Amino acid sequence: MSFNLEQYSKKINNSAAAGKLLESIFKYSDMIDKPGVNLMEVCGTHTHEIFKSGVKALLPKKIKLRSGPGCPVCVTPDSYIDGAINLAKDKNFIITTFGDMLKVPGASSSLKAEQSAGADVRVVYSPEESLEIAAANPDKNVVFLSVGFETTVPASAFLIKSAEARNLNNVYIYEANKTVPEAILAIAKHPAVKIDGFILPGHVSVIIGADAYRAAAAESGIPGVVCGFEYIDILLGINSLLEMIYNKDRGIRNEYPRVVGAAGNLTAQRVISEIFEPCDAEWRGIGVIAATGLKLREKYRRFSAGEKFASVITGPEKTKGRSCAENGCRCGEILLSIIEPPECPLFAAVCNPVNPIGPCMVSSEGVCAAYYKYGAAGAEIEL
Amino acid sequence: MGIFSQAGDFILEAHGNGGKLTHELIAEVFAAGFKNETLNEGLDSAVMNIGSMLESVKAKSLADCGETLAEARLALTTDSYVVSPLFFNGGDIGKLAVTGTLNDLLVCGAVPCAITCGFIIEEGFKISELKKIVSSMAETAAKNGVSIVTGDTKVVGRGRCDGVYINTAGAGLVINGADLKPANIKAGDAVIITGVPGNHGICILNERGGYVDKNSVRSDCAPLSKPLISLMNKVKDIKVMRDPTRGGVATTLNEFVKQNGEIGIELLENSIEYDKNSKALADILGIDLLYSACEGHALIMCSKESADEALNELKKFEETAGAKVIGYACAKNKGRVIIKTSVGGARILDMQVLEQFPRIC
Chain R
1 MSFNLEQYSK KINNSAAAGK LLESIFKYSD MIDKPGVNLM EVCGTHTHEI
51 FKSGVKALLP KKIKLRSGPG CPVCVTPDSY IDGAINLAKD KNFIITTFGD
101 MLKVPGASSS LKAEQSAGAD VRVVYSPEES LEIAAANPDK NVVFLSVGFE
151 TTVPASAFLI KSAEARNLNN VYIYEANKTV PEAILAIAKH PAVKIDGFIL
201 PGHVSVIIGA DAYRAAAAES GIPGVVCGFE YIDILLGINS LLEMIYNKDR
251 GIRNEYPRVV GAAGNLTAQR VISEIFEPCD AEWRGIGVIA ATGLKLREKY
301 RRFSAGEKFA SVITGPEKTK GRSCAENGCR CGEILLSIIE PPECPLFAAV
351 CNPVNPIGPC MVSSEGVCAA YYKYGAAGAE IEL
Chain Z
1001 MGIFSQAGDF ILEAHGNGGK LTHELIAEVF AAGFKNETLN EGLDSAVMNI
1051 GSMLESVKAK SLADCGETLA EARLALTTDS YVVSPLFFNG GDIGKLAVTG
1101 TLNDLLVCGA VPCAITCGFI IEEGFKISEL KKIVSSMAET AAKNGVSIVT
1151 GDTKVVGRGR CDGVYINTAG AGLVINGADL KPANIKAGDA VIITGVPGNH
1201 GICILNERGG YVDKNSVRSD CAPLSKPLIS LMNKVKDIKV MRDPTRGGVA
1251 TTLNEFVKQN GEIGIELLEN SIEYDKNSKA LADILGIDLL YSACEGHALI
1301 MCSKESADEA LNELKKFEET AGAKVIGYAC AKNKGRVIIK TSVGGARILD
1351 MQVLEQFPRI C
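Residue numbers (the numbering used here), protein chains in the order written: chain R, 1 to 383; chain Z, 1001 to 1361.
Any given hint could turn out to be false.
[Claimed, not checked] 30 Å max Cα-Cα, derived DSS-like pairs, lysine-lysine:
1. Z/K1214 with R/K11
2. Z/K1143 with R/K10
3. Z/K1143 with Z/K1181
4. R/K56 with Z/K1324
None of these hints come from the bench; they were simulated from the model. Please read all numbers here as calculations on a predicted model, not as lab measurements.
Start from the sequences, fold in the hints, and give me the full structure.
Below, the structure is given as structure tokens:
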């Protein structure tokens, strides 16, 4: 693995351009004949950049940025977390995972706690690292926790392809991948959610393409803008969205064309559909949404930890404590933006990064973590 | 070289048993590397004359420091080093141990006089690597005019520690009646950083993860003896200094506001410069360099009026040539560090809550 630092050093942020965009945002905000405009940034990375750059405080008061369910760790249901903990506790398993999953609380424990107690839980940056671990530990079952949206699914798919090519029979994935467009439609149609426009996730769109959201926008009548991650991208996205709302344009606009195409990355899409097929999936706080999950196709089902180790996964963890919702965590409403984190009675005082009750306080993309980190538990800044 | 040479290039548990192998190890690795009069005495403690320490501090610092023996104040610090990997771009655990100890003394207004070290070594560790670490410590200490005056060696079984851990203590004498502490900070005081933040932390992370070529990000590990002693002699209005190691700039500034209790600190995002490669890698990995450790830079707070004088002094030295004012203490936002973002917004820069990455120093 080697990143190209030169390429990554190029930033397009520009404070003069930001000033002009803000002027335009204020203009549209005045022109839109509504007391409030709710824009949902679906992606957790957008949420964090909005706080980090300070954009939130510069917007007109009537523009409300609502954070959506775009943190893959956060929308993963309790049953999955408990299942992963049950696997980790079993000495026959090595768990490989992205770092964000470690501290997510299960009913009585977390992967981090199990790791400290001796479980073999390894953080990987790429799922394919699981292959070397499996090759070096032929007497163990290596299970990658395959959590994530379309952005990371291709990497899981490649893991399966490579495992097959190398004839490794001790590497598995525990599937919990999810797909975004259908979920956006479900949010748009949710009776308690009032959203006027969607700021659509840039990374996911690189894979699926900007056109992937058109059906959802047409059906819901709510426009969306595919948006990059620098503050200038976010301001551009907000400005476009306001312009579309003002003009009653219910389509999709791509304001991240430097990396997102209309059709997306066809190679990645092919690999995904070669290995996976759609299935219904449970989203924390939202419930089951049809055809938003991915399961291994019949040909690759032997790599499914969910199927092969079902008896280990349904082990005792769930019965040993209470789920975060049972502890009073309002992550369901937070993920749908029905309430903001400071409205949850647990926020900051009981639930904080040191002692997280729910996943949204744990993940680096989680909305509660963003409110806590950049808002220091809700304190106001005197400018 | 008798028994010692038969052991080959590996540390044995017997090297820690106090017997012949221990003596061989001390003589051939530590005494040979650190050689100085006090250490050569071979006593159970380093015994030093405080009067000559004061004279040497006066000579070293070129200060008109008027301290008499009765007024002299001792600064004493201790630190343990467990960095992984032991050798990294820009230094190694030995250089880091001496550097960290020197910088801890310097930021308290003290001129370093003597360092001690305790080694905990894993059985099977290569003696040739140990020699490299010792020579790196000796070189760093010598360049900064201090001696490593006493030490200790323990060996633990294979798998009981990760190669080598080093504990140090450092002693120095405070010059010019300095009384540097966060309580001195007043609204309006400038925040100076002596160079780009976060390079040590991100370098160590890259050494472990292998994300980019190891030569493209380099630890800033460097003792600040020359620039900080010179600064203390020239600029009378220094309020507090601290080296932002674990938790980085953000955490150190939060310590300042919390220990002071009466002020806030406002940073200007546009004033903060970063190493281009470090920033790119940190962005890729989702790390904020303001929370990443420095091992060769200090945060200095001084009155606004003396900030230019301080910068002029610091810029004379290679280690601190990139010194900059990055913000000011203020009466509002009491107890908080805020950062004015380049787009014109603001956010709170809170203290590091959980570990960003362990074993960086």
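Hint-by-hint comparison with the structure:
Pair hint Z/K1214 plus R/K11 holds up; C-alpha atoms about 23 Å apart against a cutoff of 30 Å. Between the alpha carbons of Z/K1143 and R/K10 the distance comes to roughly 39 Å, so the proposed pair goes past 30 Å and is violated. A hinted pair counts as satisfied when its Cα atoms are at most 30 Å apart, and Z/K1143 with Z/K1181 qualifies at roughly 28 Å. Proposed proximity of R/K56 and Z/K1324 is supported: the alpha carbons are some 29 Å apart, at most 30 Å.
The structure shown violates just one earlier hint, number 2.
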